[in-house]
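Novice: Which chain is which? The protein sequence lines are A and B, in order. Following my numbering, the numbering of the first sequence begins with 1 at its first residue and continues without gaps. Following my numbering, the numbering of the second sequence begins with 1001 at its first residue and continues without gaps.
Since the hints were made in silico from the structure, they are not lab data. Be aware that a few hints might be false.
[As the list claims (entries may be wrong)] Distance windows between CB atoms, simulated:
hint	chain 1	residue 1	chain 2	residue 2	range
1	A	390	B	1196	32 to 38 Å
2	A	302	B	1204	26 to 32 Å
3	A	302	B	1056	43 to 49 Å
4	A	41	B	1156	52 to 58 Å
5	A	320	B	1156	26 to 32 Å
6	A	337	B	1059	22 to 28 Å
7	A	68	B	1059	22 to 28 Å
8	A	269	B	1114	41 to 47 Å
9	A	269	B	1075	40 to 46 Å
10	B	1196	A	393	52 to 58 Å
11	A	393	B	1129	56 to 62 Å
For clarity, every value in this text was computed on a predicted model and none was experimentally measured. Glycine included, C-beta positions come from ideal geometry on N, C-alpha and C.
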Amino acid sequence: MAEEPTLLPTVLARIASLETADIAIGIPTYNNGETVGHVVEIVQAALCDRLASYRSVIINADAGSTDDTVEKFAGKDLTHSPVVQLTYAVLPGQKLVPLDYEVPDKGRAVKGILRAAQQLQAKACVILAPNLRGLTPAAVGALCRPVLEEKFDFVAPYYKRHKFDGLVTSGLVYPLIRALYGKRIRQPMGGDFAVSGPLVAHYLAQNVWESDKGRVGVDLWMVTEAINKGFKLCQARVGAVSRVFREPAPALSATLAQVLTEIFDLAIRDISVWQRVRGSEEVPLLEAAPDLPLAEVALDPQSSIDSFRLGFKNLQPVWGAVLPPATMLVLKRMGDGPNARFIFPDQAWARTVFDFALGYRLRTMNRDHLLHAFTPLYLAWVASFAGEMRDARPEQAERRFEALCLAFESQKPYLISRWRWPDRFNP
Amino acid sequence: MWQNINKALVDGVHRVLFGVVDFLPGLVVLVVAFLGAVLVAWVLSRLTRSLLRLIKFDKRVEEIGFSSLADWSPNRSPTLLVGKAVWWLIIAFGLLVGLAGFATDLASKIVVQAIAYLPNVIVGLALLIIGTLLARFLARGALIGAVNMQMRSAQFISVVVKWSVLVITAAMVLDHLRIGGDIVKLTFAILFGGVVLALALVVGLGWKDLISRIGSKPTTEQPKDESSTLHRL
């Protein structure tokens, strides 16, 4: 096993020399030399200007970059925002991270940053991705201030996105997490967030850091843990912040499989929590960072429809193993109908996701096969949404997402029923 | 002379009678053993089927991924297959007991040979089960992967993967059972060589355009798909 990144004597000595800090800003990295310099500059600008009254430290946890990522931090070690650098070794297999812009074994990086923040007795610890585009000093302030000044424990990011951007989150992760945990956090898997000192201590006291949950699905685990333990949550508008793609991007099916694995594993773990949750509660949305206009993006549903039809032609036996006949009938109608009327009804989509969660839990078939077989169904939803929202304004699209979330919430009794009695007849 | 003829006749009759007396108990043992085996087989077979139905064996077999067992079972029921297997095992055992009473040497030879052959049967059976499961697993994985890569021939690829594994499995099983000898190996080599050649042709012809595009410089920049700039999360 690789050594603990935070326990190295040199790091402890460095932290001891800094004594304490109000804000610890952690940036996990792995070969992000091209982008991380800009992120550090923005962070320093925020710390010098908007957050100048607070003592702050920048913490970099690097997974063994082979480019000049580490050097980019070395040149930024300034008096008002000193830099603490941690490194940790990852196994070659852990570098094959399916998510588009992840750091390998991110859980260890986050744990290292949290440990350092705890040593520094930081009141707020912010984690930022190393490849952010559109980050502004105002956005950094928007994440920090609710913890420092309004005593929130967890600040989730609220990105301004084009209606067709981040559809895995909007159409799948957000409605599912909202229906399960009952909190309306728009970006539950946003990797940029802030946590309070007490929440840092709570996270570090949990025995998950050496498990898979602490290694790959750490962002989602941190959100759900904060919800489950009743910490005070809010969201902060951070503007049109996005990530720079790492090429080549992993296949959509690999991304979906990883995202669903994280959510379904949490659902299995937290069964006693989410079975009692009904409906959902608003999570305060704070501070508006100045927004830049978004570029128009078109999404042609035709290729997604073709992918779904190909899947329907070939994967019926696989889908039929987890989906009830009524859902298969809906899919058949979609497959046979004209493109102009290609609609995936919200309730059928919600039930499909829930049935896959149940199939995952019951191991109806090999889990990897099950999750990869989900891709054409997701593309069917994308095609349906893209066709329906082609000319919609952003607020109309947001209302559409709200309707989708309500459909997930209304179908939750179906999930609970099937989860409790999976053998019961399900037409 | 008449005395000699009479003695030879009496001796002959005695020999035949002694032969019949020697033979009859063995025959009776064979018949009794067979009838007993039929009775025991009938009882045990029914008992096994009832027990398996009680524990919903067919459903459980399907749940743990042995659904292809149903394809080889009478009326698609693995319970019936196990019942039949129990039936024939007991009948075979009864016949062996009968033969032991009938001709001791023959029975012991059969038993020795059967015991010596048993490991081959067990290994062959294990290979068959593993091969079938592997074929099913790989075929499904190939099908899903090909669909996600939007390949029109996904079903064909899946079938090719499945039958490639099944053919290799069949060749290995027959080799372990020492059936067919070199003919099996030769047939397998020819079949496998043919499959590889066909795949090479398919890949070669299918990727001809791709290879030629890689070899030449693009004259104009390809327009970027707008949706490729979208984030997933």
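Novice: All hints, please: hold or fail.
Specialist: Against the structure, the hints:
A beta carbon spacing of about 48 Å between residue 390 of chain A and residue 1196 of chain B contradicts the range 32 to 38 Å that was offered as a hint. Taken as a hint, the range 26 to 32 Å holds for the pair residue 302 of chain A and residue 1204 of chain B, whose Cβ atoms sit roughly 31 Å apart. The given range of 43 to 49 Å is respected by residue 302 of chain A and residue 1056 of chain B, whose C-beta atoms sit roughly 46 Å from each other. About 54 Å separates the C-beta atoms of residue 41 of chain A and residue 1156 of chain B, a value consistent with the hinted range of 52 to 58 Å.
Range check, residue 320 of chain A to residue 1156 of chain B: about 21 Å between beta-carbon atoms, so the 26 to 32 Å window is missed. With their beta carbons about 35 Å apart, residue 337 of chain A and residue 1059 of chain B fall outside the hinted range of 22 to 28 Å. Between residue 68 of chain A and residue 1059 of chain B the C-beta distance comes to about 60 Å, which lies outside the given range of 22 to 28 Å. Checked against the hint of 41 to 47 Å, the pair residue 269 of chain A and residue 1114 of chain B fails, with Cβ atoms roughly 53 Å apart.
A beta carbon spacing of about 42 Å between residue 269 of chain A and residue 1075 of chain B agrees with the range 40 to 46 Å that was offered as a hint. Between residue 1196 of chain B and residue 393 of chain A, the C-beta spacing of about 57 Å keeps the proposed range 52 to 58 Å intact. Look at residue 393 of chain A against residue 1129 of chain B: about 59 Å separates their beta carbons, and that is inside 56 to 62 Å.
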